Structure formats: C-alpha cells, structure tokens
Amino acid sequence: MMTFKQVSTGSAYRYYLRQVAVGDGRRPRGKNLDQAEEEAGVPPGVWMGKALPAVGLTAGSRVTHRQMANLFGKGRRLASEQIIEDRLAAGDTSAKAERVTRLGYRIQKWSGADLVFRAPGSVQILWALGADAVRQGCTRSQQA
Numbered sequence: 023m024m025t026f027k028q029v030s031t032g033s034a035y036r037y038y039l040r041q042v043a044v045g046d047g048r049r050p051r052g053k054n055l056d057q058a059e060e061e062a063g064v065p066p067g068v069w070m071g072k073a074l075p076a077v078g079l080t081a082g083s084r085v086t087h088r089q090m091a092n093l094f095g096k097g098r099r100l101a102s103e104q105i106i107e108d109r110l111a112a113g114d115t116s117a118k119a120e121r122v123t124r125l126g127y128r129i130q131k132w133s134g135a136d137l138v139f140r141a142p143g144s145v146q147i148l149w150a151l152g153a154d155a156v157r158q159g160c161t162r163s164q165q166a
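All the letters of the sequence shown, read from the start, carry residue numbers 23 to 166 under the working numbering.
Any given hint might turn out to be false.
DSBU-like cross-link-like pairs, simulated, lysine-lysine; straight-line CA separation at most 35 Å [claimed, not checked]:
#1 53 - 27
#2 118 - 72
#3 118 - 53
#4 53 - 96
#5 96 - 118
#6 27 - 96
#7 27 - 72
#8 72 - 53
#9 96 - 72
By construction, these hints were calculated from the structure, which means they are not laboratory data. Computed from a predicted model, the values in this text were never measured in an experiment.
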C-alpha cells in the first residue's frame, strides 16, 4: 500500500521534521534531531539520488538538522552558511551573499511529494499482535 502527501513549499520543513524524522510525532523542545530520532526508534535519514554530487553530497550520507532547515525550511542550498561566509569574505554585500544561496522560485505552490510504502492495515495488526514467529513472517513477506 502507498500513501501520497503533497508537500507545500512553506510547510515542507515542518512536515519532514514532524512526520518523517521523528516517526509521526513532534520533536520535544530542546532535543536535537539525532536524540529525537533515537528515542522515537527511527533510523537516521540518509540522502539518496543521482544528483547528490551536484550539491556536494554522497549517497548514504546522513541527513543533518541544518541541511533539513536550509533545504526544506528556507529553500536554500545545503551549505548556505559556508557560502555566505565565503561570499562576504570576497566582498559581496550580505543581501547578494544571501541571494546566491536561494534555490528556485518561491512562487511554487508545492515543492514535492512524499510517497510512503506500508504494509496493509491487516498485516500491521497481525504483526503488532502476533507471536514472534508471526512477526518474522510478516517482515519477511514485506521484504520479498
């Protein structure tokens, strides 16, 4: 089964931080992303895709809170702070340095889609209430 969530430009950061990174819950105030993921039992996010080298990432590298904030929260390049620092050192104004970090247009109504593949509800219940052998069978059937 697959669910689809349209992610709007303004809400993308909150959506990923609340719905994805910490397992459909809210990150407690004052906890960093790594702690919240660990407590929620959610494995750390990793970057995937063919275009990663173009933005200075490698497949499988861990997603950081700062990267999420820049990309999804502000619509900026992943290393925005370093880019701004370098541009200011080169003599650019702060407005110009900031402008260089922006990605795309802010006019877009939505910035992406979140597709989640899940076992059907009946299998989820069977896994949750079943004995160890039943859970192992459910897990193996979903991996096939």
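Evaluated hints:
1. 53 - 27: 26 Å, holds
2. 118 - 72: 29 Å, holds
3. 118 - 53: With Cα atoms ~33 Å apart, residue 118 and residue 53 stay inside 35 Å; holds.
4. 53 - 96: Satisfied, since the Cα-Cα distance of roughly 21 Å is no more than 35 Å.
5. 96 - 118: 16 Å, holds
6. 27 - 96: 20 Å, holds
7. 27 - 72: 23 Å, holds
8. 72 - 53: 32 Å, holds
9. 96 - 72: 23 Å, holds
Of the numbered hints listed earlier, not one is contradicted by the structure.
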